[in-house]
Amino acid sequence: MKMAVCIKRAADMETRFKIAANGTSVDETGVKFDIADFDGFAVEAALQLKEKDGAGEVTVVSLGPDTVQETLRKALSMGADKAVHLKADAVPADALAIARVLAAELKGGGYDLVLFGRMAIDAANQSVGPMTAELLGVPCVSAASQLTIANGRGTARRELEGAAELLEFPLPAVVTIDEGIARPRLPSLKGIMAAKKKPLEVKPSQVGESRVKITKMELPPERTGGRIIGEGPAAVPELVRLLQTEAKVL
Amino acid sequence: MANAFAFVESRGGELRRVGLEAVTAARQLADGTGGGDVHALVIGAPGIATKAEMIAAHGADVVEVVEHPGLALYSPEVVAATAAARIGAGTYRAAFFSASAQGRDLAPRVAAKLGVALGADVTAFETSGDAIVVRHPVNTGKVIATLTITGTPVLVSLRPGAVTATRAPRTARTETIAPAMDPGSARVVPTELLAGNTAKLDLGEAPVIVSGGRGLRAPENFKLVEDLASAFGNAAVGATRAVTDDGWRPHTDQIGQTGRLVSPDLYVACGISGAIQHLAGMRTSKTIVAINKDREAPIFKIADYGVVGDVLEVLPVLTDAVRKAKHSH
Ligand SMILES: Cc1cc2nc3c(=O)[nH]c(=O)nc-3n(C[C@H](O)[C@H](O)[C@H](O)COP(=O)(O)OP(=O)(O)OC[C@H]3O[C@@H](n4cnc5c(N)ncnc54)[C@H](O)[C@@H]3O)c2cc1C
Ligand SMILES: Nc1ncnc2c1ncn2[C@@H]1O[C@H](COP(=O)(O)O)[C@@H](O)[C@H]1O
Chain B
1 MKMAVCIKRA
11 ADMETRFKIA
21 ANGTSVDETG
31 VKFDIADFDG
41 FAVEAALQLK
51 EKDGAGEVTV
61 VSLGPDTVQE
71 TLRKALSMGA
81 DKAVHLKADA
91 VPADALAIAR
101 VLAAELKGGG
111 YDLVLFGRMA
121 IDAANQSVGP
131 MTAELLGVPC
141 VSAASQLTIA
151 NGRGTARREL
161 EGAAELLEFP
171 LPAVVTIDEG
181 IARPRLPSLK
191 GIMAAKKKPL
201 EVKPSQVGES
211 RVKITKMELP
221 PERTGGRIIG
231 EGPAAVPELV
241 RLLQTEAKVL
Chain C
1001 MANAFAFVES
1011 RGGELRRVGL
1021 EAVTAARQLA
1031 DGTGGGDVHA
1041 LVIGAPGIAT
1051 KAEMIAAHGA
1061 DVVEVVEHPG
1071 LALYSPEVVA
1081 ATAAARIGAG
1091 TYRAAFFSAS
1101 AQGRDLAPRV
1111 AAKLGVALGA
1121 DVTAFETSGD
1131 AIVVRHPVNT
1141 GKVIATLTIT
1151 GTPVLVSLRP
1161 GAVTATRAPR
1171 TARTETIAPA
1181 MDPGSARVVP
1191 TELLAGNTAK
1201 LDLGEAPVIV
1211 SGGRGLRAPE
1221 NFKLVEDLAS
1231 AFGNAAVGAT
1241 RAVTDDGWRP
1251 HTDQIGQTGR
1261 LVSPDLYVAC
1271 GISGAIQHLA
1281 GMRTSKTIVA
1291 INKDREAPIF
1301 KIADYGVVGD
1311 VLEVLPVLTD
1321 AVRKAKHSH
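In order, the protein sequence lines correspond to chains B and C.
Anchor point for the first sequence: position 197 equals 197 in the working numbering, and the numbering is continuous, going up by one each time.
Position in the second sequence counted from 1, then plus 1000, gives you the working numbering.
Bound conformation, chain B alone (with noise of 0.2 Å):
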């Protein structure tokens, strides 16, 4: 099976965010970067999937500037055979935009599955996968917890809200990743080693309009918490008194 797993460089969630002096991006000095969550998920599914099979080739694809290479040699490490660097001055806000630029690339590829995160932990939009598959015009299903390919057919599982739903659909296909398919596996010193000399195609990549501008980046209040209030059973009844009076919860 041919496929391609779509990721996107983010900054490491344990970060302190600090917002940046123009107001609308946060500071990146001294920030972690790293393959985002769901992302990392996709690439350990597509591996799986070719390990199962036996045969097959993987491609990896990040669109932003040359930073995303770091990220882009992390998943050949991992396993990935070949990398493409959509090489763009900056990530737009608008994830048409980025649908846009992926769908351009893998249109023609020859891919019998595309894989995305769930979401890009980052901008948290839910949208880049289903939308480049629709550009694509080929079959979807988002945010799978589970999935299965055999003969040419994908059959895959959804966590609603208390519920589930199952999905059946023929490749070629793009599928969006939710955790539980797969923890993504740490890169071996053999892998590191192997990645440098895999292929790492770079690509200029023309971003369309951005319909989505930021306009403002704030941090949310932060919480005054730390109110230890007691010790054991003895301190329910205190407990019980401020959520009645004073949180009103009860």
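Simulated from the structure, these hints should not be mistaken for laboratory data.
There may be inaccurate statements among the hints.
Stated by the list, open to error - In silico SDA-like cross-links for lysine to any residue, where the CA-CA straight-line distance does not exceed 20 Å:
1. K1113(C) - K18(B)
2. K107(B) - G1115(C)
3. K18(B) - G1115(C)
4. K52(B) - L135(B)
5. K82(B) - D34(B)
6. K248(B) - E1205(C)
For this one, chain B is given, so just place chain C with the ligands on it according to the hints.
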């Protein structure tokens, strides 16, 4: 005067609360611009038309109803094609969807079909000149972005609870519409809805969440968490990844960075350390209670009320007290 569109989510022939929230949002937008028309679309198996009245009661001027025996389950391709066709047939400033599991699948498909921008998982919105300005939490809720979105229409998916479904009765016209494609020709075929316990409140909708972590020691001790939830009466049960990984609780109960994002009125964290990935999913809760035997546990830093102690001892006493408090009302 601007018209607005709402996609009204349903499941198993019933409207979902988030669906009515979308109608209320569309009504707010139309009224806020001097009073345009609200069109609301509902799709389902025969019988869904009986819900038109409820939709009108929340402010729709026109209820567009699509009934088809092949649409008992959410069929992504058919619903997306139909919603895109209906939105394309009118002149709307904005079209509202829900940022629910279904809506987050649907809205991007429709946006791509129409070639318009989508503001996803929106917690607040307003019109501003030709644009729609929305707020959208990014970086696991640690940063809030304000986005200015242009083009017509702008698609918006609303975070559940961002708008309160409100009655605003209209004498609505109902239009019966055929699906934009034959459900039998869809490539992606929904085969089964695995209904969870329908009596159970969903994590996204429950005003109170009682959540358990590894501090509960054993899966059977989750009974204590469930007991407290049922004492509240309006509570759902959540869990940490440590616990869902070990199979004590289903993955769907997981709250956090890679699980559900929740913001109930009250969140009770039982035997939860407060790892950053867990906090990412619940830090916007209005009131947080933590019960943990380790005074240094990070969860206490964000808890409004902390109790240092053994959950296995505190929970039964708390459950009893909550039950009594509820009864004395
Ligand atoms: C990429 C990534 C994504 C992740 N996503 C998530 C996510 O979405 N959600 C999530 O929850 N986690 C997530 N995690 C895992 C997270 O880092 C933590 O490991 C997890 O939240 C810990 O769960 P816990 O609090 O139940 O367990 P622990 O960290 O083991 O904490 C148990 C707590 O119970 C207390 N305790 C023990 N016994 C008792 C007792 N008898 N009475 C009272 N207290 C007691 C202890 O003091 C301790 O504080 C993620 C991790 C990674 C790397
Ligand atoms: N700049 C990018 N390059 C490659 N893939 C991306 C990029 N941005 C988003 N994606 C993919 O689209 C998914 C959904 O992103 P989003 O809609 O922004 O939440 C991500 O999990 C990635 O798989």
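Against the structure, the hints:
With a C-alpha separation of about 37 Å, the suggested pair K1113(C) and K18(B) falls outside the 20 Å cut-off, and the hint is violated. Among the hinted pairs, K107(B) with G1115(C) is consistent with the structure: their alpha-carbon atoms are about 18 Å apart, no more than 20 Å. With a C-alpha separation of about 34 Å, the suggested pair K18(B) and G1115(C) falls outside the 20 Å cut-off, and the hint is violated. With a CA separation close to 30 Å, the supplied pair K52(B) and L135(B) exceeds the 20 Å bound.
Taking the CA atoms of K82(B) and D34(B), the gap is about 18 Å. The hint holds against a cut of 20 Å. Distance hint between K248(B) and E1205(C) is fulfilled; the C-alpha atoms sit about 18 Å from each other, no more than 20 Å.
Going through the hint list in order, the structure does not satisfy hints 1, 3 and 4.
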